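Enquirer: For reference, the chains in residue letters:
Number of protein chains: 6
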Amino acid sequence: MGINEQKPGLQQAAQSTVADLADVVAGLRLSREVTHKIRHRGQIRELPSRAALEKIRDGLFAALFPSHYGCPDLTDETIDYFVGHTLSQSLTALNEQVRRDLLFLPPGHTDTPAEEQATAIVRDFAAQLPCLRGMLAEDLMAAYQGDPAASSMAEVLLAYPGMRAIIHHRLANVLHKLGAPLVARLLAGISQAETGIDIHPQAQIGQRFFIDHGTGVVIGQTAIIGENVRLYQHVTLGAKRFTEDENGMLVKGEPRHPIIEDNVVIYAGATVLGRITVGRGSTIGGNVWLTQSVPPGSIITQAQSRLSNEA
Amino acid sequence: MGINEQKPGLQQAAQSTVADLADVVAGLRLSREVTHKIRHRGQIRELPSRAALEKIRDGLFAALFPSHYGCPDLTDETIDYFVGHTLSQSLTALNEQVRRDLLFLPPGHTDTPAEEQATAIVRDFAAQLPCLRGMLAEDLMAAYQGDPAASSMAEVLLAYPGMRAIIHHRLANVLHKLGAPLVARLLAGISQAETGIDIHPQAQIGQRFFIDHGTGVVIGQTAIIGENVRLYQHVTLGAKRFTEDENGMLVKGEPRHPIIEDNVVIYAGATVLGRITVGRGSTIGGNVWLTQSVPPGSIITQAQSRLSNEA
Amino acid sequence: MGINEQKPGLQQAAQSTVADLADVVAGLRLSREVTHKIRHRGQIRELPSRAALEKIRDGLFAALFPSHYGCPDLTDETIDYFVGHTLSQSLTALNEQVRRDLLFLPPGHTDTPAEEQATAIVRDFAAQLPCLRGMLAEDLMAAYQGDPAASSMAEVLLAYPGMRAIIHHRLANVLHKLGAPLVARLLAGISQAETGIDIHPQAQIGQRFFIDHGTGVVIGQTAIIGENVRLYQHVTLGAKRFTEDENGMLVKGEPRHPIIEDNVVIYAGATVLGRITVGRGSTIGGNVWLTQSVPPGSIITQAQSRLSNEA
Amino acid sequence: MGINEQKPGLQQAAQSTVADLADVVAGLRLSREVTHKIRHRGQIRELPSRAALEKIRDGLFAALFPSHYGCPDLTDETIDYFVGHTLSQSLTALNEQVRRDLLFLPPGHTDTPAEEQATAIVRDFAAQLPCLRGMLAEDLMAAYQGDPAASSMAEVLLAYPGMRAIIHHRLANVLHKLGAPLVARLLAGISQAETGIDIHPQAQIGQRFFIDHGTGVVIGQTAIIGENVRLYQHVTLGAKRFTEDENGMLVKGEPRHPIIEDNVVIYAGATVLGRITVGRGSTIGGNVWLTQSVPPGSIITQAQSRLSNEA
Amino acid sequence: MGINEQKPGLQQAAQSTVADLADVVAGLRLSREVTHKIRHRGQIRELPSRAALEKIRDGLFAALFPSHYGCPDLTDETIDYFVGHTLSQSLTALNEQVRRDLLFLPPGHTDTPAEEQATAIVRDFAAQLPCLRGMLAEDLMAAYQGDPAASSMAEVLLAYPGMRAIIHHRLANVLHKLGAPLVARLLAGISQAETGIDIHPQAQIGQRFFIDHGTGVVIGQTAIIGENVRLYQHVTLGAKRFTEDENGMLVKGEPRHPIIEDNVVIYAGATVLGRITVGRGSTIGGNVWLTQSVPPGSIITQAQSRLSNEA
Amino acid sequence: MGINEQKPGLQQAAQSTVADLADVVAGLRLSREVTHKIRHRGQIRELPSRAALEKIRDGLFAALFPSHYGCPDLTDETIDYFVGHTLSQSLTALNEQVRRDLLFLPPGHTDTPAEEQATAIVRDFAAQLPCLRGMLAEDLMAAYQGDPAASSMAEVLLAYPGMRAIIHHRLANVLHKLGAPLVARLLAGISQAETGIDIHPQAQIGQRFFIDHGTGVVIGQTAIIGENVRLYQHVTLGAKRFTEDENGMLVKGEPRHPIIEDNVVIYAGATVLGRITVGRGSTIGGNVWLTQSVPPGSIITQAQSRLSNEA
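Protein chains in written order, with UniProt numbering: chain A, 1 to 311; chain B, 1 to 311; chain C, 1 to 311; chain D, 1 to 311; chain E, 1 to 311; chain F, 1 to 311.
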């Protein structure tokens with residue numbers, strides 16, 4: 001049994017006298033190239049860089065909300081220069097990341113060079129930014145109105161993890177749709193690291209969406225969420241089971257996450273699993289475990305826990 | 001239904017040939033100034049900066065615990081210079097952030113200029129630091145004694161998210177009380193991003209407080225916590241429902257979170273909701289869902305789950 | 001009761017006119033040296049630095065996975081220089097951190113100077129890196145195969161918090177075993193802050209381990225996990241209760257966390273507590289609360305919640 | 001005699017056992033505040049910062065010559081955003097430096113607050129930039145045409161110390177005229193450190209000016225230089241003697257440096273001293289030492305050195 | 001006359017009320033694109049970057065002299081990784097700068113794309129580095145032996161401007177010969193700014209060359225210097241006059257600077273002009289002004305100045 | 001003759017096909033270890049670092065003149081913390097550089113470990129700082145009074161290369177005397193690079209010393225300068241000839257530079273060579289070439305150049 005076996009490789013190395021640096025470098029090369037090669041199609045490949053995308057993200061946040069995430073001392077006279085310059089730097093950098101993403105596409109699927117495709121994707125992405133900012137402003141309004149602790153929109157925009165997560169998601173979702181799935185996924189990973197909220201970039205989320213507190217929320221790849229939906233911390237919109245093909249391999253990408261219709265509220269800790277539908281206007285109570293569709297207007301709560309007074 | 005509508009704005013932009021940068025900049029200006037204006041009272045306003053507050057936080061941590069969070073090579077001869085210099089830089093920077101916070105107050109509520117108010121707030125804040133350090137040292141002791149995995153206080157102070165969260169909170173709470181609520185909220189947001197623990201700066205927390213592991217803990221705005229309280233990961237001290245006014249708007253700031261009396265322990269995943277009281281010395285078991293007050297000395301556990309052996 | 005007492009120290013300071021900087025510095029010195037001294041054995045001591053360890057972590061990630069976490073423009077001709085240089089810098093820096101860790105050992109337990117011990121530990125650590133990379137490549141494969149949303153190994157390696165957490169853990173675990181427990185713990189703390197996954201460095205984890213989504217997962221100090229185990233978000237492998245000695249102090253380090261045998265899957269939100277065994281091949285359903293051992297092949301699910309349609 | 005006295009203070013300190021840090025800090029305070037006070041009018045005063053001005057200089061160079069000193073990846077579409085943003089940042093920073101400069105003006109000489117004056121000066125300065133760029137382009141052309149080693153204008157603009165010095169000078173000269181003499185002088189000092197060319201910001205220099213090689217050139221405060229003038233390295237346009245007032249103090253600011261009329265060439269190492277005039281079209285040979293006016297069209301060379309063949 | 005005309009453009013702008021930022025940006029665009037266009041062949045072109053070349057220079061110095069200019073903590077085990085990594089980064093960056101340089105070549109002069117040419121140039125350059133290091137080691141030895149103030153070779157290598165200048169020059173000279181003249185010139189410009197020594201990259205300099213002190217030395221484009229030559233500060237090896245073509249334009253690149261044969265010493269301030277030859281073994285005294293060839297073994301000194309005792 | 005031989009090594013390498021990186025790294029190792037070894041006593045040795053000394057220099061300037069070279073926002077309340085912290089950081093860093101310097105001393109000359117010696121040197125150095133600041137304040141006053149262009153002491157302190165050079169020199173001179181000659185020399189090298197003024201750290205310079213403009217000034221190792229001396233640009237106080245020993249090697253360290261007595265002024269371009277004495281109160285005119293002692297009160301000028309009007 002795995003637990004009792006003592007990972008012999010590790011043991012052995014520890015018992016040997018000492019490695020010197022050249023041995024370690026050679027060992028790592030052997031691992032990279034022979035025993036544990038994980039390179040895509042075998043060559044060194046330029047990969048999208050998480051660090052580069054963090055900077056691009058900073059630039060996009062600043063371009064969308066310059067007085068909140070931009071630089072100090074902006075005035076009506078200077079703000080457009082700031083936005084234009086920040087955008088041009090961020091989009092140029094994004095172009096390179098998208099180009100690297102396209103190297104993962106199966107070879108031969110198109111004649112257009114990756115550079116050109118990347119440029120087209122980034123231009124489309126840029127063109128959607130004003131519209132996307134509008135959606136975010138409505139999300140912000142929904143958050144401000146939906147939380148009695150919120151005292152200003154600036155507070156929500158700067159300090160709420162749920163708000164920051166939805167900004168990341170709407171950006172990632174556009175990039176995913178335009179054909180840069182790995183870049184989109186990295187952006188979602190950056191968001192998860194900072195907010196504790198894990199939204200797959202492919203998930204479809206309608207307007208005026210609000211996640212309160214948010215830490216621990218998971219929204220799966222094929223989830224579809226309507227308008228005016230509100231979630232609290234630790235809510236999972238997950239898959240119930242995975243389909244395997246005849247070889248026992250998981251079938252990738254099949255619809256397997258819930259559909260949440262408009263005006264639904266889901267309280268903290270609720271787990272909603274599988275391709276079920278939560279009908280519009282429903283309320284799902286805290287800690288509810290839901291694996292079946294419910295009609296519009298349902299109010300589902302966990303029956304009172306049987307609590308015992310142990311003493 | 002919102003899900004089926006295809007967010008027409010986004011679609012349309014994507015179908016247009018391509019935007020050029022000037023169009024995007026103009027589109028964003030339109031969004032900022034006309035269609036989705038979110039500025040407070042309409043002008044560009046200097047806002048407290050999350051990035052500036054991260055640096056200030058680093059400085060305050062270093063001043064409070066110079067051998068743990070300060071610079072290397074400190075000696076008895078040099079440590080006060082380090083503390084004094086670090087504090088003076090951090091407090092000067094904090095002053096500016098507090099001044100920006102005060103711009104959110106309703107106009108005309110005082111004759112004192114924002115600069116002077118900010119200076120007074122920061123001086124009061126500084127004066128409380130030695131005392132606050134004492135409280136944190138006791139929290140640290142509580143953590144060290146309360147976790148069998150803790151092997152030194154340095155380990156707790158440097159590596160425990162719960163400890164880092166309580167340092168952030170005690171700083172934010174003082175700033176909130178002194179009249180810098182947005183700065184306090186940003187500090188709490190920074191803490192949440194790093195620890196996964198979300199404590200509203202207004203929450204009142206007594207001495208010797210310990211959160212073990214901590215990820216996913218949420219403590220709401222009007223919660224009141226006594227002394228010697230211990231929480232585990234994923235505990236929520238939340239609101240049950242919100243009061244609406246006659247216009248259907250949420251009433252802001254009303255007491256709606258629990259009161260936890262002295263010496264209470266709340267285990268992982270428990271959810272305590274509403275303005276209820278958990279009596280002193282009580283123990284709330286893991287995953288308990290509690291919406292009613294319990295008397296002192298209660299031991300509440302979830303009744304044994306009915307587990308099924310599906311196979 | 002603690003809640004009603006108004007933390008008199010804080011109040012008083014706030015009421016005094018104003019402190020000036022020299023008073024605050026003196027107050028902090030008094031707190032550090034007299035009233036709330038937390039130094040280990042009384043002197044200023046160089047402590048391992050969280051910031052230094054973040055850089056070392058970056059270097060180790062880059063040396064293990066140079067095309068994913070290293071610098072751009074690597075070629076077959078240059079990659080070994082990059083790996084060798086990055087390693088030599090990271091290991092030199094690690095040496096210093098380990099030396100500081102060793103200062104915490106009880107005095108007189110060995111005649112070898114801390115510098116020599118640190119060097120020996122770091123050489124052993126380095127020697128294990130190629131082997132450790134192999135284990136991580138298998139974890140990566142397990143993740144790729146176990147998640148239908150994963151479209152490439154690069155995606156998993158760069159964007160999955162669960163994957164990043166296991167890299168941190170395997171590094172921390174080797175350091176813990178070699179005798180640098182505080183450094184190991186700091187590495188785990190850094191991982192927790194970025195991934196929301198909290199694994200004690202002493203926990204033993206077998207090959208092909210995968211945590212999906214991962215936020216909120218807690219794995220305790222004495223947990224033992226076999227091969228091919230898969231966890232989802234919010235799973236806790238925790239202690240049920242702590243043993244106290246005759247003085248009421250917690251006994252440190254006793255086995256108190258679960259043993260999870262090979263091929264077990266544990267779904268989101270399940271809580272497994274105490275030194276129990278989950279038999280090989282078992283499946284533990286979402287939100288299950290488990291405090292008793294289960295035999296191999298068990299499929300444990302929470303019985304259907306009693307849901308009420310409140311309206 | 002000063003040489004034989006052994007600086008008793010230094011000796012004594014060196015002989016004393018050892019100073020500790022607190023003594024040194026106290027000694028420096030004593031020196032600053034009592035024995036060697038150099039503060040202007042006695043208080044701590046915010047001074048223009050050399051480091052801040054280096055950044056501002058970088059910004060102005062970039063705004064004037066964006067493809068040579070700006071950032072890469074500029075396009076026709078993005079260049080104005082870059083220029084506008086860079087300018088707005090640099091001018092804002094310059095504003096603060098000019099404000100500090102104005103604190104040196106004698107008190108009571110104007111009712112306008114320093115902030116307003118600074119803003120007015122910086123706006124005037126900005127307004128002159130397009131015109132100033134035109135002058136620099138002509139200087140550049142003169143250099144390109146005047147040096148047979150110059151192979152492109154890019155080479156001259158990027159690599160010629162003489163070209164870099166004239167850019168610094170024209171900026172400093174405008175600032176001097178607008179009333180920011182200390183800022184102007186710091187800019188000249190920065191230029192001198194980088195180019196070895198020392199031009200007082202008050203010196204008046206006409207169009208199409210070129211200094212070849214340039215190191216060691218000194219141009220004094222009241223020098224006046226016409227159009228199409230060319231200088232080589234080590235040329236000095238200096239003062240011959242200084243006027244003293246009745247108290248033996250030097251009279252500040254009196255005209256005491258040469259007037260160089262249009263189309264003059266002055267070769268390497270020539271020294272031109274005093275308020276003399278070098279008539280238009282003259283050529284001054286290398287190493288010439290000139291202290292008298294010469295009429296237009298003069299060709300002055302040092303008579304052949306009497307060289308001796310010593311062996 | 002130019003002096004009396006008051007630069008009307010500047011005046012006018014200063015008199016106008018105030019410019020706003022948009023006007024300045026537009027004015028600069030007009031200057032760039034219409035009135036004072038200095039772009040090579042009219043388009044925006046990526047130019048070699050001075051800042052990038054400073055970093056490349058640092059890398060090359062470190063690769064050539066790793067214990068003097070590299071990072072600390074190098075050992076016999078790690079030094080080659082450092083050298084290899086530093087070289088690969090520097091050469092990759094140099095490749096890009098050389099590529100930009102090649103864009104200045106007249107169009108159509110070759111079918112090889114600039115990328116390929118740049119790669120070939122950089123590989124040739126790299127191949128010469130070991131040999132070039134040998135030459136520099138001999139220059140170093142010459143300096144150490146030639147200056148009674150030099151107490152170690154480390155002192156010369158780290159602190160002597162003359163030594164730093166010759167390192168820059170030998171690198172620049174190779175790049176110039178290989179076909180990257182603008183990059184070479186920028187490197188020379190960087191050297192001049194730091195050392196005060198101005199050597200054109202095309203100048204040919206033999207082995208065991210030493211410049212003592214060095215500030216103010218100028219060595220022109222077509223100068224040829226033999227072996228074992230020593231120069232002091234302020235020495236100029238310049239052109240006497242320039243040849244003009246029939247249009248009055250200077251003829252570029254013609255031999256016009258001195259030939260200095262082996263074993264010559266030239267003392268401080270000497271000026272040697274024109275295509276003359278200083279015969280081997282000659283000594284040229286301080287401040288000598290030399291415009292005619294001298295035979296081998298000459299000892300030329302300035303005849304005693306006629307000094308006057310003015311009082 | 002050296003000029004005609006074509007540096008065969010370089011040629012050959014350039015003609016070979018192409019080197020790859022491993023060959024270059026191996027070639028450099030061969031050069032370092034075999035053919036052109038320049039290491040002191042053969043091993044890799046930690047050398048004082050120019051970059052580290054630049055930071056230390058910044059710190060010392062800031063500690064000596066905190067409102068001119070320190071950070072903004074200093075107040076009477078905070079300035080000592082700034083000075084103390086900056087000093088403690090700079091002195092700790094200096095300690096390490098001095099320790100490396102001591103490794104160059106001949107082995108066995110003392111029993112005290114280098115660490116202890118370095119600490120003693122740095123403590124002595126620190127103890128002299130207040131006194132040294134006093135000397136600098138007098139130099140500053142001398143400069144202010146001696147230059148009619150100086151409008152404030154701040155201008156002199158921040159912008160005059162001569163003033164910056166004397167600060168560097170006085171620091172370097174103390175370090176030289178205390179036994180850290182290589183560190184002192186590096187500091188002088190840093191100064192030379194920034195100011196164009198080259199003063200050997202061993203040169204003895206009395207109080208109230210002023211160098212105007214300064215670029216090109218060279219002051220040799222054994223020069224002795226009295227009080228109230230003023231120099232202008234391009235002045236050399238150099239050696240005339242060097243003494244050779246019986247093997248033809250230069251004798252190191254012999255007195256060979258001038259003695260300049262109190263109240264002497266030396267104008268631009270004057271060259272004073274050899275161990276001669278310039279008597280107190282003398283004036284040496286511009287471009288004078290002086291190799292003989294002159295009595296007190298001399299006024300030496302170059303006789304009028306014979307200028308010819310060539311046309």
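Just so you know, the hints here were simulated from the structure itself, not pulled from any lab data. Among these hints, one or two may not hold up.
Pairs of lysine-lysine, DSSO-like flavour, derived with a Cα cap of 30 Å [to be verified]:
| hint | chain 1 | residue 1 | chain 2 | residue 2 |
| --- | --- | --- | --- | --- |
| 1 | F | 240 | A | 55 |
| 2 | E | 177 | E | 252 |
| 3 | F | 177 | C | 55 |
| 4 | E | 55 | F | 177 |
| 5 | A | 55 | A | 177 |
Quantities reported herein were computed from a predicted structural model and do not represent experimental measurements.
Enquirer: Output the numbers, in ascending order, of every earlier hint that fails for this structure.
Expert: Those not satisfied are hints 1, 3, 4.
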